[in-house]
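**Q** Using the sequences and the hints, build the whole thing.
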Amino acid sequence: MRLILVMLLMIAGMSFANDALSDVLEARADYVSCDVDYAKDWLSMRESCGVEENVSVFDSSSYVEDLEDDLDDIYDAAKDGNRFSFGLNILEIAGDSLKLIGEVVKDALDHKTFAFFSCVREGEPSLKDDRTDCREDAIDKEKTAAEDYVEFELDEANEEIAILDATGVETSGMEEIVEYGEELIEDIDPGYSTYDPQEIQKLHLRHSRLVFLFRAEQMLAVLNYAEPIIEASNNDNKEEILDREDALREDVEDLLDMCEYSDEVEVNSDYAKENLECWEDGMDALEEFNDLRWLILEGA
Amino acid sequence: MDIKIVLLLVLGVSFLFFGCAGKKANPNEGVKYDEIESTEPDDSVTSPPAEEEVSDDDSTYVEAETEEDDSDEGTVEHEEEFEADEETEDLADLFVIDTDKPLEGEGLDVKSPEQE
Chain A
11 MRLILVMLLM IAGMSFANDA LSDVLEARAD YVSCDVDYAK DWLSMRESCG
61 VEENVSVFDS SSYVEDLEDD LDDIYDAAKD GNRFSFGLNI LEIAGDSLKL
111 IGEVVKDALD HKTFAFFSCV REGEPSLKDD RTDCREDAID KEKTAAEDYV
161 EFELDEANEE IAILDATGVE TSGMEEIVEY GEELIEDIDP GYSTYDPQEI
211 QKLHLRHSRL VFLFRAEQML AVLNYAEPII EASNNDNKEE ILDREDALRE
261 DVEDLLDMCE YSDEVEVNSD YAKENLECWE DGMDALEEFN DLRWLILEGA
Chain B
42 MDIKIVLLLV LGVSFLFFGC AGKKANPNEG VKYDEIESTE PDDSVTSPPA
92 EEEVSDDDST YVEAETEEDD SDEGTVEHEE EFEADEETED LADLFVIDTD
142 KPLEGEGLDV KSPEQE
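Read top to bottom, the protein sequences are chains A and B. Taking my numbering, the leading residue of the first sequence gets 11, the next gets one more, and so forth. Taking my numbering, the leading residue of the second sequence gets 42, the next gets one more, and so forth.
Heads up, a few of these hints could be off.
Straight line, CA to CA, 27 Å or less: simulated DSS-like cross-link-like pairs of lysine-lysine [said to hold, decoys possible]:
hint, chain 1, residue 1, chain 2, residue 2
1, A, LYS50, B, LYS152
2, A, LYS151, A, LYS138
3, A, LYS50, A, LYS151
4, A, LYS138, B, LYS152
5, A, LYS116, B, LYS152
6, B, LYS152, A, LYS89
7, A, LYS151, B, LYS152
8, A, LYS109, A, LYS138
9, A, LYS116, A, LYS138
10, B, LYS152, A, LYS283
11, B, LYS152, A, LYS153
12, A, LYS50, A, LYS122
13, B, LYS152, A, LYS122
14, A, LYS248, B, LYS152
15, A, LYS109, A, LYS283
16, A, LYS151, A, LYS248
17, A, LYS138, A, LYS153
I should point out that these hints are in silico values taken from the structure, not numbers from a laboratory.
**A** So this is what it looks like as structure tokens:
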């Protein structure tokens with residue numbers, strides 16, 4: 011029975027791929043494509059103004075091509091549910107977008123007339139309206155996918171808690187994080203319904219913090235459970251395991267203090283910076299935790 | 042050269058390579074948590090964990106090398122080298138945790154060109 015429980019835990023620990031991940035990433039890719047389409051339409055409108063007002067504008071075709079290639083890569087990563095590749099490709103398109111903007115600014119200083127700028131200014135509002143409609147459609151799609159995604163995560167988390175609980179691990183810390191996760195789900199609809207990217211990002215930042223904290227609480231729970239068992243065992247690596255467990259426990263407890271959850275995100279960049287510190291420091295702990303497994307087995 | 046001498050040479054060389062081979066190095070042998078400098082983690086869904094670099098000070102430890110994981114999550118799979126009793130295996134199997142970091146709203150702030 012115990013072996014079955016532990017096998018279930020291993021499966022839960024590895025986690026089935028979240029079916030909603032691709033949906034979330036594809037919705038986000040749709041959102042980014044709204045900006046790419048806007049850029050293409052805006053450049054085309056600007057070129058028309060150049061012809062109309064008899065001023066030259068730079069050839070933007072290579073920049074557009076780069077954006078389109080980047081967008082293809084983003085959609086590929088989304089379809090594969092590959093978060094890492096998705097994130098990298100987003101950085102790529104962000105970089106290429108800034109390059110394009112740089113060229114636009116440079117070109118604007120090159121023999122342009124007031125009439126030309128007026129022409130462009132007049133053409134912008136309808137393009138922006140189209141972009142707004144496009145973004146809202148993408149946000150609506152992402153909202154549904156995000157709810158499914160977090161629901162799936164919470165189901166997995168509860169499964170993991172049940173398995174650990176049945177083994178005898180004290181899981182109250184993990185349960186508390188799941189409760190915060192349930193509150194996050196309640197906030198998804200109102201947050202996404204603002205259609206405000208800053209508000210939507212707040213939800214993602216909270217989500218990231220909760221995922222980290224759940225894993226930190228899981229580590230602490232397992233370390234506390236394992237310590238007396240290792241202590242009473244004849245494992246050849248007992249002393250080293252106990253020393254490393256002590257050091258790791260202290261670090262995890264410090265991380266849990268440092269990264270305490272708040273559902274209030276006042277300044278996104280500040281919360282993001284805290285998340286980065288939590289994850290950077292936490293990654294060492296997560297890897298050490300995984301390494302302890304081999305030390306235990308090796309000393310058996 | 043006499044065939045018997047050739048055969049003896051081959052057997053002797055084979056013994057040197059295979060007869061002297063002992064237990065495979067445990068990638069984690071003696072590696073201490075507080076002596077490890079981890080590189081920047083790779084949060085790919087198929088990524089291996091960061092390689093651990095051991096300090097040069099007083100280390101006699103084997104540098105930790107891990108194999109790429111085929112699963113969707115950032116856990117590590119090692120070749121099973123240990124014969125542990127069931128109870129130890131059960132305990133060890135609790136020490137498995139995902140290392141992938143979620144996205145945090147990437148793509149929401151990609152800039153578009155606007156009027157100069």
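**Q** If any of the earlier hints don't hold here, list their numbers in rising order.
**A** 14 and 16
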